Amino acid sequence: MEFEPVIGLEIHAQLKTNTKIFCGCSTSFGAPPNTHTCPVCLGMPGVLPVLNKKVVEYTIRMAIATNCKVERRSRWARKNYFYPDLPKGYQISQYELPVAQFGYIDIETDGSRKRIGITRIHMEEDAGKLTHDPDRPFSMVDFNRTGVPLIEIVSEPDIRSPEEAGAYLRQLHSIVRYIGISDGNMEEGSFRCDANISIRPKGAERLGTRSELKNLNSFKHVEKALYYEINRQKEIIIDGGRVVQETRLWNPDKNITTSMRSKEEAHDYRYFPDPDLLPLVVDNEWIDALKKTLPELPDRKKNRFISEFNLPSSDAEIMSSSRELADYFEECIKEFPKPKQVSNWIMGELLGLLNAEGKTIDRSPISSSNLARLLKLIDKGIISGKIAKTVFEDMANTGRHPEEIVEKKGLVQVTDVSAIEEVVSQILADNLKEVEGYRKGKKKLIGFFVGQVMKETKGKANPKIVNEILKDKLAE
Amino acid sequence: MKITRDEIVHVADLARLELDEKFINKFAGQIGDILEYVDTLGRIDTKGVVPTSHAISLINAFREDVLEKHLDRDLALANAPEKEDGNFIVPKVIG
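Respectively, the protein sequence lines represent chains W and F.
Taking this note's numbering, the leading residue of the first sequence gets 1, the next gets one more, and so forth.
Taking this note's numbering, the leading residue of the second sequence gets 1, the next gets one more, and so forth.
Only chain W is shown next, with the shape it has when bound in the complex:
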């Protein structure tokens, strides 16, 4: 029997505000424990939370960017449960009336586009951080993160494969960073993902029993955990068993999911409207004003790169994957207007270098202008593509201009026909056996001769001229 997975994702993104959602405490990461707290976020009796306006603005930006309907009226709810990272005994969240609903984004996997629905986006406060002592029977609680603003983005169960889940997640990640509402740092937990997944026989209408996966804190983990879970559920069903509804934790060291709690122990949150916080009303003027502050979004940028610069879709996808990379690319083609060559160099040499050094594009040792200058040198025939790669390495190490490196190291390409002819004659005279072989029909030997000439000229001979001269001389 063939199965199909049905996947929905819940994503939490931490908003990049200066202060917490309901009090003026700092949101910055990594401070000593319990130094970013006040009576409000510590949940002292009698305090009054007041909503940070920027949280609402950032959330509306996200709602617009994901084609959601921004609700005119929404409200806050208390989600009640006991856990030591939650000082009040409830989390302030939104339940019945979230701020935005009914959105979508388009994703692309293997060249085909698909629309993934977004059920809702709501705002809520984060909980504190627990550290478990490995040797002693206690846990330590740090409330610095308590009250840091989050948005939760809930997708429709429209996702049908781990690849689609990965594409959806990357797309949302790219959007939050484009519109500047979250730094999207997965390691620091500012972008987190839970997945609901069930499987059913292909073509069936009815949904299977789902499990909820937690602790998926990197793009890779999300796809791996989903693959694992699909196979686990498949095996249970094939063996005649039944999948139980439960929460499972991804273990990245062992590459497995393990049961965390079953539905019988599932929480009963007893949501009710928070009487401390007033209803939120967002009018059209406010939405329109925020709409004007949004930059060009990744999907639109990608399409523009395809139509305006004639880039292949895969190149456009990478060039638009972050705002900084897109800016770098566009700055580069302003100075060197051959987009495909620019994207080739960015995808090959530049991203290779940055990945190897664990850097992002804004920390690139080679500026967009210097990369453009290097490409101009190749284009004008001053250096060969091969030499350009060594110049590139030198630029990365020294930060110097390509022209300076080429000049100082004497890397200018030899285009002087008579000088190349001289080398070619010498090579042919030294390799009479190969010359004979070539003339008898072993045409592949041309590569050998080119290689010898390049070796002799240290890669500086213009390859086109070398080829022409070789063919002429070998035909004699």
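Simulated from the structure, these hints should not be mistaken for lab results.
For clarity, every value in this text was computed on a predicted model and none was experimentally measured.
Think of the CB as a built atom: it goes at the ideal place given N, C-alpha and C, for glycine as much as any other residue.
Wrong hints could be hidden among the right ones.
[Claimed, not checked] Selected chain W positions facing chain F (Cβ under 8 Å, derived; list incomplete):
no. : residue
1   : Thr35
2   : Cys38
3   : Pro84
4   : Leu86
5   : Met140
6   : Pro273
[As the list claims (entries may be wrong)] The calculated DSBU-like cross-link candidates involving lysine-lysine, where the alpha carbons are at most 30 Å apart (straight line), are:
no. : chain 1 : residue 1 : chain 2 : residue 2
7   : W       : Lys386    : W       : Lys340
8   : W       : Lys79     : F       : Lys2
9   : F       : Lys83     : W       : Lys88
Fit chain F to the supplied structure of chain W, relying on the hints for placement.
Coordinates of chain F only, in the frame set by chain W:
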């Protein structure tokens, strides 16, 4: 509205209250009485009345995203039964 014994046990469990048998029955009766009293509201004709969640009609109280003073850490931890290295200490919880 009557409340069942099981519901009392469930609610007590959610509130982390330990109840012995005697109290379960006592509270079932008392809470049942309270709920019955609240049920009188259900007899009012509310046709055409919009559901409300707040007793006052204000909306949109905001603060600007401006940093304020933090509580001194010793003060934040002053009521902690146990503390260590600036952390609150609680019995071990996992999962």
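Here is how each hint holds up against the structure:
no. : hint                : in the structure
1   : Thr35               : holds, 5 Å
2   : Cys38               : holds, 5 Å
3   : Pro84               : holds, 4 Å
4   : Leu86               : violated, 11 Å
5   : Met140              : holds, 4 Å
6   : Pro273              : holds, 4 Å
7   : W:Lys386 - W:Lys340 : holds, 18 Å
8   : W:Lys79 - F:Lys2    : holds, 25 Å
9   : F:Lys83 - W:Lys88   : holds, 18 Å
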